[in-house]
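*Asks:* Okay, here's what each chain looks like letter by letter:
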Amino acid sequence: MSGKLSVIKQLIGLLTLALIVALAGCGGAPSAQAPASPPSATTARAPAPAPAGQAPPASIKIGVIYPLSGPQAQTGNDMKAAIELALAIINQDMGDLPFALAPGTGLPNLGGAPIEVIFGDSQARADIGQSEAERLLNQGVVALYGAYNSAVTKTASSVAERAGIPFVNGASSSPDLTERGYRWFFRTSPTDLDFSRVMFAFLKDFQERQGVTLNGVALFYEDTDFGVNSATAQKRFAEEYGVPVLGEVKYRSGSAALTGEIQQLKSFNADVLLPSSYVNDAILTVKTARELGFAPQLIIAQNAGYLDNAFLETTGADAEGILSRAAYAADITQAKDLAARIDQMYQQSHDRPLTDAPARAFTGFMALAEAINRAGSTDPEAIRAALAATDIPADQLIMPWQGIKFDEKGQNSLGQAILVQRQNGAYVTVYPFEFASSEVRFPGVAWANR
Amino acid sequence: MDATIVQAVLSGALIGMIYALIAAGLSLIFGLMEIVNFAHGEFLMLAMFSSFWMWELWRLDPLASLPITAALMFGVGVLTNRLLVMRVLNAPALAQIFATFGLGLFLRASAQYLWTADFRAIQDPFLSRVAGGRIALGRDVFIGVPQLVAAVIAAVAFALLGLLIRRTRLGLALQAVAEDRSTAALMGIPAGRMFDLGWGIAAACVGIAGAVLASFYYIYPSVGVTFALLAYIIVALGGFGSITGALIAGIMVGLVEIVAPLLLGIPPAYKYALVFTLYLLVVLVRPQGLFGRY
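As they're listed, the protein sequences go chains A and B. According to my numbering, the first sequence holds residues 8 to 457 in order. According to my numbering, the second sequence holds residues 14 to 307 in order.
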């Protein structure tokens with residue numbers, strides 16, 4: 008029974024499976040639902056456009072890819088709820104809302120056909136995101152939407168580009184994505200370039216305004232597309248604004264411990280820390296920093312994990328004073344009535360306040376639906392042309408932007424980045440100073456004085 | 014010595030103790046039955062959720078609920094053995110692997126279904142309030158109280174485990190069954206009950222590790238994956254079935270992970286590459302691992 012052979016077999020099996028586990032990261036959780044929609048009706052990759060005079064399609068299928076399981080499942084499901092809210096507004100008659108598609112049911116230019124979303128689960132992994140994009144195209148979607156993680160958006164949108172199907176992105180911030188010369192890719196959200204610029208503009212304005220001197224910044228970023236590109240942008244603006252970068256630590260996303268990393272950061276003695284992390288790493292960073300007595304004067308996060316509901320719920324008082332760039336903040340509801348109403352509807356269905364990523368997911372999806380309606384057809388070329396001609400005014404947005412209008416690279420040129428700071432348990436807008444609802448608290452790290 | 018290095022060595026050794034305790038259970042089961050428990054990471058996850066829920070529902074600190082968590086996990090271990098492992102004990106190796114691998118997937122998916130994929134954490138547990146949550150050793154060296162206590166608890170658990178296996182009749186019986194199942198049975202040792210016990214102890218070990226981790230780590234359904242991967246490396250590095258090996262290899266992995274990037278000037282993003290390099294080097298020289306019998 009205890010022969011060497013069985014041991015060797017076990018070992019081989021063990022190593023193979025260890026490798027699978029390693030490669031799979033957090034894979035293995037069941038793929039989220041793919042609502043029943045037999046591919047038989049539209050087996051062709053790109054569905055044929057409905058010729059004039061023919062009956063309009065029964066429904067317009069859009070594929071939406073998010074990390075619905077795995078380490079970022081919670082963020083993914085928050086965004087999924089935002090998409091479902093958008094669907095309700097489009098498909099049901101909600102004429103009292105100022106969105107183009109709120110009145111009437113479905114898409115009026117397509118005979119009132121409702122939009123049907125087929126969700127794909129990327130598990131926050133680029134390779135799975137790519138295969139999910141392929142699966143969704145085979146199910147006859149007329150456009151793809153997603154995918155939050157910049158690395159996943161990159162692979163999934165390459166599938167759409169090859170197939171000649173529009174891909175709209177609402178919440179990936181890696182600047183690279185709109186620098187690839189893609190014809191079918193459109194992004195509504197500002198990028199890390201805009202987001203990073205606002206951080207350095209803030210540092211300059213803040214030092215002048217407060218009469219303080221900050222010795223420089225330390226960069227802390229995760230090792231996937233998002234973190235690496237964020238750091239590249241930050242280094243570029245540090246140079247442009249003459250802010251010294253005292254050190255940088257690139258860390259492995261999802262590490263079991265960040266002790267060594269935080270310690271290295273501490274040794275740089277920088278007054279300002281600029282972290283780019285997803286939510287699990289953000290939680291661990293704050294806990295570890297506190298335990299190692301690492302308390303920079305200011306922490307200005309590149310959004311993502313630091314604005315996540317789970318981060319806010321789990322770090323509690325330790326998160327007080329942390330700044331983050333954002334495209335949306337809860338106090339926008341004070342300035343924008345539309346944002347307040349959508350936030351309320353979101354909370355009714357999802358039991359959670361609307362945060363940055365879901366707000367951007369909602370906004371981008373509404374823009375895509377509006378373009379499909381304007382195209383008046385499911386022909387990919389027509390949808391692409393409509394997207395390129397998009398011009399949504401500020402009063403139809405829940406975001407503090409000037410509107411949505413794509414440049415020749417497919418990037419929204421009217422987006423706007425803001426800085427928020429966690430004060431008394433909520434994120435409030437503190438920069439640009441003209442939009443600020445509160446003063447910056449400085450120094451801004453809660454555990455510094457404990 | 015440079016304060017940074019001192020800090021790194023301390024942090025590495027502390028986290029290494031916890032890795033070691035997680036790996037100990039894995040090693041114990043393998044030593045006993047030559048079965049690799051691929052649901053080990055999920056056992057850790059269950060233990061962390063058990064701590065979390067006792068805190069969430071009854072405000073029981075993870076430290077106070079540690080014995081309950083350990084006892085619950087003992088039960089989970091025994092049940093796993095009775096309901097699953099005993100059925101595949103004489104099956105081909107692949108069937109054994111997929112039985113526990115499948116259990117892991119089942120547990121992880123069930124956790125996501127029951128408790129959602131949300132990240133949880135225990136806010137301000139007792140340990141993070143003691144002395145402000147950290148102890149200063151000199152000007153620039155700090156130790157987190159939760160990490161320190163976790164390492165001490167891990168050390169105590171190791172000592173008890175060692176005593177149990179080497180110094181008690183029960184331990185001798187376990188060793189006898191591990192050595193030769195049928196002869197042990199002829200000597201009147203009930204192998205089935207020993208297997209129950211082995212699984213129970215192994216799961217209780219990972220239960221203790223989960224309870225101490227819950228004081229300073231985030232909790233979510235896939236939390237066990239990273240730790241389990243490290244545990245497999247540690248068991249292979251220390252030698253399959255060796256508890257001492259798990260302890261030493263665990264500390265080694267903790268140290269390599271934190272100290273090596275610092276000394277070699279390698280970005281921490283590649284720290285697991287260093288851990289795997291260490292593993293490859295040891296396995297090339299000693300395929301049975303540092304303290305392995307095979």
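The set of hints was computed from the structure by calculation and includes no laboratory data. Hints are not guaranteed to be accurate.
Pulled a few chain B residues facing chain A out of the computed Cβ check, cut under 7 Å [said to hold, decoys possible]: (1) Q136; (2) R147; (3) T290.
Residues of chain B placed beyond 12 Å of chain A at every Cβ, according to the derived structure [as the list claims (entries may be wrong)]: (4) I28; (5) W71; (6) A130; (7) G184.
Values in this document were obtained by computation on a predicted structure and should not be read as measured data. Every residue, glycine too, gets a C-beta built ideally from N, C-alpha and C.
*Asks:* Which hints from the list above does the structure break, by number from lowest to highest?
*Replies:* Of the numbered hints, 3, 4, 6 do not hold.
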